[in-house]
Amino acid sequence: MSYEIEAKAQVDDASIVESRVRQSGGYLIGEKKQVDIYLSHPCRDMMAADEALRLRLEGGACVVTFKGARMKGSLKSREELEFSVGDWEKALEVFKRLGFKPGAKVCKVRREYRLLGANVAIDKVEGLGNFVEIEAPRIGNEMERSALVERVANLIGVDKDRLTTKSYVELLESRSSQRSDSM
1 MSYEIEAKAQ VDDASIVESR VRQSGGYLIG EKKQVDIYLS HPCRDMMAAD
51 EALRLRLEGG ACVVTFKGAR MKGSLKSREE LEFSVGDWEK ALEVFKRLGF
101 KPGAKVCKVR REYRLLGANV AIDKVEGLGN FVEIEAPRIG NEMERSALVE
151 RVANLIGVDK DRLTTKSYVE LLESRSSQRS DSM
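Each residue of the sequence shown is one higher than the one before, starting from 1 at the first, in the UniProt record's numbering.
Hints are supplied without guarantee of correctness; some may be wrong.
Said to hold, decoys possible - Quick list of in silico lysine to any residue cross-link-like pairs, SDA-like style, CA-CA up to 20 Å:
1. Lys-160 x Ser-176
2. Lys-72 x Glu-142
3. Lys-67 x Lys-160
Said to hold, decoys possible - Pairwise CB distance ranges (calculated):
4. Gly-129 x Asp-50: 20 to 26 Å
5. Thr-165 x Cys-107: 30 to 36 Å
6. Glu-93 x Thr-164: 30 to 36 Å
7. Ile-139 x Asp-12: 30 to 36 Å
8. Met-71 x Glu-93: 30 to 36 Å
9. Leu-81 x Val-35: 17 to 23 Å
10. Arg-70 x Arg-162: 16 to 22 Å
11. Lys-166 x Lys-33: 21 to 27 Å
12. Phe-83 x Ser-174: 40 to 46 Å
13. Asp-12 x Asn-141: 32 to 38 Å
14. Gly-86 x Ser-174: 32 to 38 Å
15. Arg-175 x Ala-14: 17 to 23 Å
16. Glu-82 x Ser-40: 15 to 21 Å
17. Lys-33 x Ser-174: 20 to 26 Å
The hints are simulated quantities; they were obtained by calculation from the structure and are not laboratory data. If you're wondering where the values come from, they're calculated on a predicted model, not measured in any experiment. Ideal placement from N, C-alpha and C gives every residue a C-beta, glycine not left out.
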């Protein structure tokens, strides 16, 4: 099984964070637009089970990802299974015919860097703003990988107290409920 270990933080000025990444020895891997479509299961509440099924559209490619429930800890650690499909529209249609329903949609522009072996993504998320997401490579034990995420965050000036394990979907839903509460 493959587990991701990551954390993210909202940042006021993404260019300052990018500059710190480069000054710390990070290098740009690339920039891409990503559209994530989350699917709800027809027979069980995946949100209540803390699971997610996502179709990620990136250029002409599509990646289907299952994310298992988060494990306890200060950083987000969860099982992640992924595979690529050639035709996202057909993939979505197959899921719909199986009873899955498209739900939340997250659109972002991601600039991805590599620093100390970790992936550092600078994300501009529609409806949320700028974030930095740090993900450890899938080698080593959980403690080493968690320490690397925290080390990279510290190196690029992201306060450990600002790190969150919430997903963009959760952050968008939280923002949406705050807006409706203020009306």
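Here is what the structure says about each hint:
no.	hint	result
1	Lys-160 x Ser-176	violated (26 Å)
2	Lys-72 x Glu-142	holds (12 Å)
3	Lys-67 x Lys-160	violated (24 Å)
4	Gly-129 x Asp-50: 20 to 26 Å	holds (24 Å)
5	Thr-165 x Cys-107: 30 to 36 Å	violated (21 Å)
6	Glu-93 x Thr-164: 30 to 36 Å	holds (34 Å)
7	Ile-139 x Asp-12: 30 to 36 Å	holds (33 Å)
8	Met-71 x Glu-93: 30 to 36 Å	holds (33 Å)
9	Leu-81 x Val-35: 17 to 23 Å	holds (20 Å)
10	Arg-70 x Arg-162: 16 to 22 Å	holds (19 Å)
11	Lys-166 x Lys-33: 21 to 27 Å	holds (22 Å)
12	Phe-83 x Ser-174: 40 to 46 Å	violated (30 Å)
13	Asp-12 x Asn-141: 32 to 38 Å	holds (34 Å)
14	Gly-86 x Ser-174: 32 to 38 Å	holds (35 Å)
15	Arg-175 x Ala-14: 17 to 23 Å	holds (18 Å)
16	Glu-82 x Ser-40: 15 to 21 Å	holds (19 Å)
17	Lys-33 x Ser-174: 20 to 26 Å	holds (24 Å)
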